[in-house]
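Engineer: Each chain is listed here by its residues.
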Amino acid sequence: MTPLDLIIAIVAAFLSMCMFSTLYGKSSPLYALAEESYIGFGTGLTVVVNVLYIYRTGILGIKAGNWVLILGIILGIMVLFRVHPKYDYIARLPIAIALGAGFALALRTTIFTGFLDQIRATIVPLFSGDAQTILYRWTIALCVIFMLTFFLYTIELKGPLKWSATIGEYMMYIAFGAIFAQTFMGRLALFVGTMQYLATPPWKKPILVASMVIVLALLIVLDKTGLLERWTPEE
Amino acid sequence: MSSPLFTIPGIIEGRFLGLLLNVILVLLVIYYMREGRLPYMRRVAGLDAIEEAVGRSAEMGRPVVCSYGIAWDGFDYWTVAALAVLGYVARLCARTGTRLIVPTGGSDGSLIVRPVAVETVRTAYLLEGKEEEFDEKDLPFLSGQQYAYTGGYIGILQRARPGAVIMLGSHYSEAMNITETANAVGALTITTGCYASNLACLACASDYILIGEEGTAAGAYLSEDPAQRASFRAQDIYKWIALAFLILGLIAINAGSDFFVRLLAT
Amino acid sequence: MSAFFRSREAMLIVMVISFLIVFIPYFFNVPALEEFSTTWITIAAIVNAFTLVLAVYSQFRRGIYFIRTGKRAWGFKLWMLIGIILMIIFATMGMEKGPYSWAMQAIITPLSSVNYGILAFYLSSTCARAFRARNLKAFALLVAGFIVLFYQAPLTGAIIPGIEPVARYFTETFAMAFARVFAISVTLGAIVFGIRVLLGKEPMVLGFTREER
Amino acid sequence: MSEERNIFRMLAEIDRRIIYLLLFIVVTVPILRPIAMPLAVSPDTKQYYKVLNSLGPDDTVLFVLDTEFSGYMEIQSGVLASARLIIEKGAKMAIACSHPEATGIPPMMFSYLRDVMEKYDYKYGEDYVVLGYIFPNEAAVASSAQDFHGVVKEDWRGRPIKGTFLDGIHDWKDWSLIAIFSTGVRSDAFIRHYGLRGTPMVINCIGVMIPTTKPYVDTGIFKALLPSMRGGAELEKLINAPGPGLAAMDCFTFGHYLVIFFIIIANIGYFGYVRRRAER
Chain A
1 MTPLDLIIAI VAAFLSMCMF STLYGKSSPL YALAEESYIG FGTGLTVVVN
51 VLYIYRTGIL GIKAGNWVLI LGIILGIMVL FRVHPKYDYI ARLPIAIALG
101 AGFALALRTT IFTGFLDQIR ATIVPLFSGD AQTILYRWTI ALCVIFMLTF
151 FLYTIELKGP LKWSATIGEY MMYIAFGAIF AQTFMGRLAL FVGTMQYLAT
201 PPWKKPILVA SMVIVLALLI VLDKTGLLER WTPEE
Chain B
236 MSSPLFTIPG IIEGRFLGLL LNVILVLLVI YYMREGRLPY MRRVAGLDAI
286 EEAVGRSAEM GRPVVCSYGI AWDGFDYWTV AALAVLGYVA RLCARTGTRL
336 IVPTGGSDGS LIVRPVAVET VRTAYLLEGK EEEFDEKDLP FLSGQQYAYT
386 GGYIGILQRA RPGAVIMLGS HYSEAMNITE TANAVGALTI TTGCYASNLA
436 CLACASDYIL IGEEGTAAGA YLSEDPAQRA SFRAQDIYKW IALAFLILGL
486 IAINAGSDFF VRLLAT
Chain C
502 MSAFFRSREA MLIVMVISFL IVFIPYFFNV PALEEFSTTW ITIAAIVNAF
552 TLVLAVYSQF RRGIYFIRTG KRAWGFKLWM LIGIILMIIF ATMGMEKGPY
602 SWAMQAIITP LSSVNYGILA FYLSSTCARA FRARNLKAFA LLVAGFIVLF
652 YQAPLTGAII PGIEPVARYF TETFAMAFAR VFAISVTLGA IVFGIRVLLG
702 KEPMVLGFTR EER
Chain D
715 MSEERNIFRM LAEIDRRIIY LLLFIVVTVP ILRPIAMPLA VSPDTKQYYK
765 VLNSLGPDDT VLFVLDTEFS GYMEIQSGVL ASARLIIEKG AKMAIACSHP
815 EATGIPPMMF SYLRDVMEKY DYKYGEDYVV LGYIFPNEAA VASSAQDFHG
865 VVKEDWRGRP IKGTFLDGIH DWKDWSLIAI FSTGVRSDAF IRHYGLRGTP
915 MVINCIGVMI PTTKPYVDTG IFKALLPSMR GGAELEKLIN APGPGLAAMD
965 CFTFGHYLVI FFIIIANIGY FGYVRRRAER
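Chains as they are written, first to last, in our numbering: chain A, 1 to 235; chain B, 236 to 501; chain C, 502 to 714; chain D, 715 to 994.
Here are the simulated DSSO-like cross-link-like pairs (lysine-lysine), alpha carbons at most 30 Å apart as the crow flies:
| hint | chain 1 | residue 1 | chain 2 | residue 2 |
| --- | --- | --- | --- | --- |
| 1 | A | K204 | C | K598 |
| 2 | C | K598 | A | K205 |
| 3 | D | K876 | A | K63 |
| 4 | D | K803 | D | K833 |
| 5 | A | K26 | A | K224 |
| 6 | D | K876 | D | K833 |
| 7 | D | K803 | D | K867 |
| 8 | D | K833 | A | K204 |
| 9 | C | K572 | B | K372 |
| 10 | B | K474 | D | K937 |
| 11 | A | K26 | C | K572 |
| 12 | A | K204 | A | K26 |
Covered by chain C, per the in silico footprint, the following chain A stretches (three or more residues, Cβ under 8 Å):
| hint | region |
| --- | --- |
| 13 | 57-68 |
| 14 | 99-109 |
| 15 | 114-122 |
| 16 | 165-173 |
| 17 | 182-191 |
Hints were generated in silico from the structure; no laboratory data involved. As the structure is a computational prediction, the values presented were derived from the model and not from experiment. Even glycine gets a Cβ: it sits at the ideal position worked out from N, Cα and C.
Starting from the given sequences, assemble the full structure and let the hints guide the process.
Structural biologist: Here it is as structure tokens:
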């Protein structure tokens with residue numbers, strides 16, 4: 001464990017607890033410090049990595065003989081005109097090209113993955129296999145049919161359609177309960193992962209505990225002395 | 236994956252039906268747009284909840300906070316509908332003299348959307364004859380970063396203490412932070428969910444939720460734009476097609492024929 | 502020349518052509534077009550990278566506005582701008598070791614994970630507030646959520662194995678069915694939205710607002 | 715008991731900061747002092763283990779870190795356990811990122827896996843290559859599926875990838891397996907441009923994505939799904955290499971039981987106070 005590791009561990013633990021301080025219920029200078037640090041360095045990272053991508057795929061691609069990629073660099077520079085007060089319309093050409101390609105990439109396959117495959121996966125034998133499989137498949141088939149009627153908007157929901165949509169809505173709330181629980185597991189895992197990162201290897205544990213105590217104490221002192229509001233940036 | 240029913244030379248195997256469905260959908264949208272008669276749409280219950288929320292804020296003399304999502308891909312499907320509903324909320328606020336705050340940002344895509352949101356709200360105030368009350372500073376661009384935007388959004392809620400918070404468009408994991416803070420400051424929360432797990436959490440955490448497409452349907456209903464109405468008419472037809480495929484497919488496969496499964500794979 | 506850029510029809514045609522270059526090869530066996538579309542996709546990727554660099558410019562402008570107008574505690578915004586510049590300088594000094602990786606380990610790594618981890622707290626307070634059997638729908642949500650939460654605690658699975666099929670029944674049927682129906686409805690919505698854009702019915706997408714309508 | 719200090723009202727209106735503090739404590743204590751309670755292995759993890767266990771020395775795996783750094787915290791155990799298993803099987807591994815923050819992950823992986831890499835003499839260039847941030851958007855994924863070397867020319871350190879085992883990779887057909895570790899940044903692009911074409915894929919995704927990813931396991935696009943950190947812990951148990959996953963399971967148990975406790979007392983409070991007040 002070098003002195004550098006120690007400094008990194010202290011900064012990481014302190015800033016992390018400052019970020020958690022939003023749970024105190026009031027925005028504070030501590031939270032602002034953590035937030036602005038993250039935005040600054042995070043935005044810097046975005047610039048670095050995207051400039052690298054432009055160099056690697058564009059410049060290297062052109063050097064490797066794929067001359068058409070020059071068009072990519074030229075169009076890219078044209079995009080930058082978007083913020084120009086007078087010539088912002090120049091950016092429309094590259095945006096039109098990127099949008100067209102983007103829509104095509106998304107739309108050409110989504111009819112399969114999001115529509116046909118979803119229907120096909122639901123069309124399964126309902127009377128073969130063990131009891132659990134039969135129960136699962138019947139439930140899925142009925143749920144998909146009833147829930148789908150809930151999403152009809154250009155027809156008045158009357159009679160059997162209304163019943164079907166209502167049953168579908170109740171089924172959806174059961175699904176929401178299960179999905180909520182799965183989501184909680186995921187978020188809890190992130191929180192646990194964060195704390196593990198700050199507490200591994202073991203020599204970091206006292207630093208973590210110290211950061212918790214210091215940040216909590218600072219919060220309460222600032223709050224009680226009224227400095228919390230005065231030192232927090234206004235939006 | 237089961238083998239397709241047939242293949243057509245020149246078309247890649249297993250992609251004919253997808254191509255056909257894409258083409259028919261284009262033709263359906265064009266047909267319903269051309270007809271000149273605005274296709275019927277039922278009024279989505281969420282709109283009544285929005286009216287009640289703005290009315291409640293007006294009575295309490297507290298502002299309304301309404302956001303159009305973080306628009307990850309700029310003008311995506313959710314954001315366009317959210318802007319239509321934002322216009323409706325803005326008109327209600329202008330009519331009732333309630334301050335409207337629209338936190339914008341959360342992604343680089345939202346940079347392109349913000350000017351249109353400003354114009355949407357300005358037009359709403361204009362239509363209610365209150366253009367002088369419109370203040371562009373109430374549509375702050377908080378940040379291009381998702382969580383810095385969330386920090387700013389939460390800061391606004393904690394200081395402005397709104398009577399209602401209406402979160403439209405595509406919100407992601409930051410929606411939970413915002414909804415919980417909105418609840419903590421006593422605001423009535425109306426949210427929309429654009430992916431399954433967000434929807435489930437927001438169904439629990441908010442007072443009212445526009446489930447999935449109800450948000451975009453509300454946008455189409457309000458905008459009375461023939462193109463959006465035609466789109467929903469075409470979508471509903473395809474949902475009927477999906478239901479038909481499902482029911483016939485289930486009957487067929489249980490009668491021993493995998494015709495529909497293979498048709499869906501052509 | 503500027504008329505070309507300002508013309509809505511011209512930009513719409515450019516977008517539709519760009520769309521077809523990428524859309525057609527996926528369905529039709531046209532090897533020449535397939536190869537050109539791959540390059541075309543790479544060009545689009547490069548343009549997208551430039552738009553991200555553009556986003557940073559507006560971040561800078563907003564920070565400077567904050568400082569210039571002397572808003573309360575503007576020091577934090579100054580620190581944010583310094584952070585952007587520092588990170589770019591650090592990157593030029595090498596990205597494997599050195600200050601770049603220190604900044605990653607001390608600031609970006611922990612803070613970006615705290616952002617997501619914080620959601621566990623908001624979800625837990627939602628449990629205490631929202632999981633109430635107010636009506637039949639809320640009761641249905643509560644029962645399903647309660648059983649799956651109980652199953653997800655690793656200790657439960659080890660002491661009450663019987664709970665697994667019950668919890669999996671909820672996650673593998675109701676949740677699965679909703680995910681499918683939601684995929685179908687959102688997919689159709691996204692396609693028809695794409696159609697509206699290509700038919701020129703969503704001018705905002707191309708940045709055409711008031712003056713060129 | 716007077717109306718104001720009614721016990722039911724107290725349960726119904728718990729200050730959310732008490733909930734936050736308790737959750738903080740029940741997660742931090744087991745991290746500072748682990749207990750290691752028992753754990754059952756789910757069918758999903760067994761299926762995932764089966765797919766990875768069938769790899770051999772002449773297989774090439776595209777190991778995609780499709781996550782911001784924050785999401786990595788949740789799938790870290792799955793990433794490390796999967797990489798350990800791939801190294802033990804002797805399969806080749808190309809590590810690629812689809813988010814700028816993921817570029818910080820490979821160095822941490824290799825410092826954690828140093829023991830198994832030395833044991834199997836797993837060398838850079840010969841057995842594994844770090845390609846870095848080569849998938850910034852869907853277009854990049856699509857073009858790499860059609861012409862890999864047209865898009866990727868260098869590894870993350872800027873050295874040409876010619877001469878490494880990647881010479882054998884031309885397009886989507888040449889990967890033995892794509893292992894995606896995802897918070898959903900680019901996973902749907904891989905489904906569209908690799909999975910749909912038939913490249914065998916497995917995914918370790920965060921809890922939020924499980925409901926929307928499961929349908930793709932059903933339709934065969936993913937061969938297996940390793941669910942969140944829980945799956946990683948179970949995989950650690952299967953390959954007998956305790957790591958961050960198993961260490962976190964105590965926190966999981968306490969965290970879930972704490973939330974269940976709050977649901978129960980909130981409902982008691984609701985029926986005892988809120989409902990009765992509404993009826994009056």
